[in-house]
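Order-wise, the sequence lines are chains A and B. Sequential numbering of the first sequence, starting at 1, is according to our numbering. Sequential numbering of the second sequence, starting at 1001, is according to our numbering.
These are computed hints drawn from the structure, not numbers from a lab. Any given hint could be a false lead.
[Claimed, not checked] Derived DMTMM-like pairs (lysine to aspartate or glutamate); straight-line CA-CA distance at most 25 Å: (1) K1100/B / E403/A; (2) K95/A / E1248/B; (3) K1100/B / D210/A; (4) K1074/B / D246/A; (5) K1074/B / D210/A; (6) K31/A / D193/A; (7) K1100/B / D407/A; (8) K1100/B / E5/A.
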Amino acid sequence: MLFHEPFFALLVFPAFYALCLICDAHTALKKWALILGSIAFYTWGELLFVPVVLASALLDYVLTRLIAHARADTLRRGLVAAGIAANLAILVFYKYADFLLANFNLLIGPLSGRTLPLLHIALPIGVSFVVFEKITYLVDCYRGTTPPARTFSDYCLFVFLFPKLLAGPILKYHEMQTQIADPAPIRWDDFCDGFLRFARGMAKKVLIADPVGAFADQVFGADPASLGAGAAWLGLLCFTLQIYFDFSAYSDMAIGLARMLGFRLRENFNMPYVSRSLTEFWRRWHISLATFIRDYLYVPLGGSRAGAMRTYINLWICFLLSGIWHGANWNFLLWGAYNGLFLTLDRLFLLKLLERAGALVSTAATLLIVMVGWTIFRSTTLDQMGGMFIALVDFSRPAGAVELPPDVPLTAAIGTLLCLIPATPLYAPLLRSYETNQYVRAVAAFALIVLYFFALGRALAIPFKPFIYFRF
Amino acid sequence: MPMPALSRISPRSLRIAAAIVFMLGPAAAVWNLTAASFVPKLQFKIGRQLSGVTEPPAPVTFGLWTIADGSWQKWISAVAIDAIPSRPALTRFSNHIRLKLFGSYGAPGIVAGERGHLIEQGYLTEYCGRNLDALAAKAAGWIPKLKELQDFYAARGHVFIYLITPSKAAHLPELFVHRLSCPSTERDRTEWLPLYTRMLREVGINVVDTATLAHSLKGNYQIDLFPVGGVHWNSIGAAHAANALIEEINRQGFRPPLPKLVWSYQLSEVARGIDRDLLDLINVLIPNPRYPTARVSYERAPCPPADREAAVATIGGSFTPTVAQVLLRNACLPGLRNYNYLYYGLRGGEAFRVLQHRLTREDILPLREADIVILEENESVFPGGNHATEFYRVILGK
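In isolation and in its complexed conformation, chain A is listed as follows (with noise of 0.2 Å):
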């Protein structure tokens, strides 16, 4: 059950808030209403997963009271390695068996002439954002940022509070602890703000990335040979559109849903495409992950403090973990490669010769970076990927036989304008309008309340494919 569904949110949310509206008085009742919203929530899409992380939850919960009750730091250690290790564990075997198992059978198979079967199992939705928070947890405890939680329960609300269940933001324990061991009341103008935000990620999402993400997938799926340099550098466009509106969509619906409920949940991105490095778009995209491998693997690997050599190795191994993180298949891997041998050059030479490019060469050198970093990401082999390129700057082929389809210009335009016009001047006094005039606040609520029934439309539209009569 996806937030843009029209089934979630004109039936089940509704019905649910309605809920916690009656709840609210009562901290109790509403914790448990949540909790068990939640995991319902949870349930209706991953029934058997829920048992597997409600079992790892309680293994989670038990191992953090005997860290806060161990003395002896090699103890302590013991423990938090142990359930770091079993979470691990989860998302190797959920996420990764396969990819391992094919990998070992194309090295070992040849040799032996025997392989491994594949399991295929069936990746459950949400595993890599469950799995990271409960390791902040676990590490949160260990460090001593946050005491444990006081109750089982208080403990399964962070792990399966729905609205960053699916994807995010990535939640730190102890950002949340304050507001998961006493939820704060509905308030109106919680109500008011959530909403809004939840229809700003409603449109971004039904509005803007599934159309030009249909094309991507369109463009991305044909042979390569067969398209002109037009063709894949739009479908590349597209997908660079499609990946940001709709996974800040998401969050942007997480984030109104958790304010609706009372729930303030931190940012995870903060306008990427108008970066001028590559190591500033890393600060402004997807921001809960860079900040989890900051805190969790960067710093205690040794960060920046053992030398610019040990530096170097240490983003490669955070954004090669980050790659693989996104997707068990060598295109993540190379990816995350891809990535940090940006950012070295960044710390070598290129943050002064892009900030001395100035602003214009900066941020269109750094989004180029980005759309080769999404052909990575985007193709499912490395052959297609080879070919992509290929298509994306030979120049002499022809237009090729992808169909555009008729909302994917405009819709395309309206997606690379709203992604670059904090880049320009116009932005400031815009925003500033927006932030000091009550009347633009107002017309950009009606906006995106009509924004929202359009998109809540188009959501029940695209299923109801009707003919005149049935045929044979």
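Mind docking chain B on chain A? Use the hints.
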């Protein structure tokens, strides 16, 4: 009585009031689901009902594995979405904005041509893919079967007619063809019908070619025979087709002979019914049906005395019901039954209502004894389209 000030309402009451408001939508959907099973008219919907037919989702049994693989949830979700009261209004709103912004339609495969004419992509694809060699090869396989069918009925002394109906793409190609890449040659397109009818007549098939008839009438009337917002022929086209069929029925010696239809028409500025089938199908908020259409009226001649009511069957696609209705009401054929795409629905009676949905092979078998059988194929699907081939199989037990 004065309204209490908002500030005097307790937060608890406000919360409960808000909860009730939030529950209205889900409660109405539950009501619609319940009412749909008993009295569909009691369903609560906002906005005009959506036009067109869709295949209802196949029910999924509740069970551990159907929940684990998500199929039960998908089914529930699909059924629940259909019950959302605001679905018609929101869908139309979205389709309307999408049409205005991007020029694209909410129904699959609808294409706009010049002068606002709408058409389904399938007709254009067929028209632009015509190939005479392929037609000749396919017709050579189908025509002997058709002859077998005709001989079967002739042996019983019954009337058999093979009816060819026109396609909008072939009738008004100038409105559409230049807008897309059209691989067929001019010769392929123009010789398509003559080649097929020639092949049919060479072996003696009783063919009524209303496609050629309709194309020959192009420009004879103040309006096109195909309406702006529709994909089927209008009532003038259907009237000509009905008379052509009557002529053929009488030529084959049907007794008593049927009276020729006498009809006249009036122009109307607002389209209704089949004249706006595609316009309705795009499901926008405010469709524009203001384009000229024709309303045909028939002079009913007294029916000749007959021993019994003739059993007449028209079997065909979406062009057949209009002409079947004309024959039933005005040509003294009250026993006519129309078999929509053979199995999808049976219509008949003075009101020409649906008598049965979803027919089976057993429902078709009695047509072996029909007095008059009219088997229709549109020029966009012949030779040997699905319903015609299936009819051949069922009747001849192949």
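- Item | Proposed proximity, D210/A with K1100/B (alpha carbon, max 25 Å) | holds, 19 Å
- Within a Cα-Cα threshold of 25 Å, do K1100/B and E403/A meet the stated pairing? holds, 21 Å
- Assess, step by step, whether the Cα of K95/A is no farther than 25 Å from the Cα of E1248/B, and give holds or violated. With Cα atoms ~70 Å apart, K95/A and E1248/B exceed 25 Å; violated.
- Message: So if I understand the rule, the pair passes when the alpha-carbon distance is 25 Å or less; does K31/A with D193/A pass?
- Response: holds, 22 Å
- Item | 25 Å Cα cutoff - pair K1100/B, D407/A | holds, 11 Å
- Sort out whether E5/A lies within 25 Å of K1100/B, counting only the CA atoms. OK: K1100/B and E5/A at ~24 Å, within 25 Å.
- Task: Would you mind confirming whether the straight-line C-alpha gap from K1074/B to D246/A stays at or under 25 Å?
- Result: Holds: K1074/B and D246/A sit about 22 Å apart, inside 25 Å.
- Are the Cα atoms of K1074/B and D210/A separated by 25 Å or less? With Cα atoms ~20 Å apart, K1074/B and D210/A stay inside 25 Å; holds.
Hint 2 from the list above is the single one not met by this structure.
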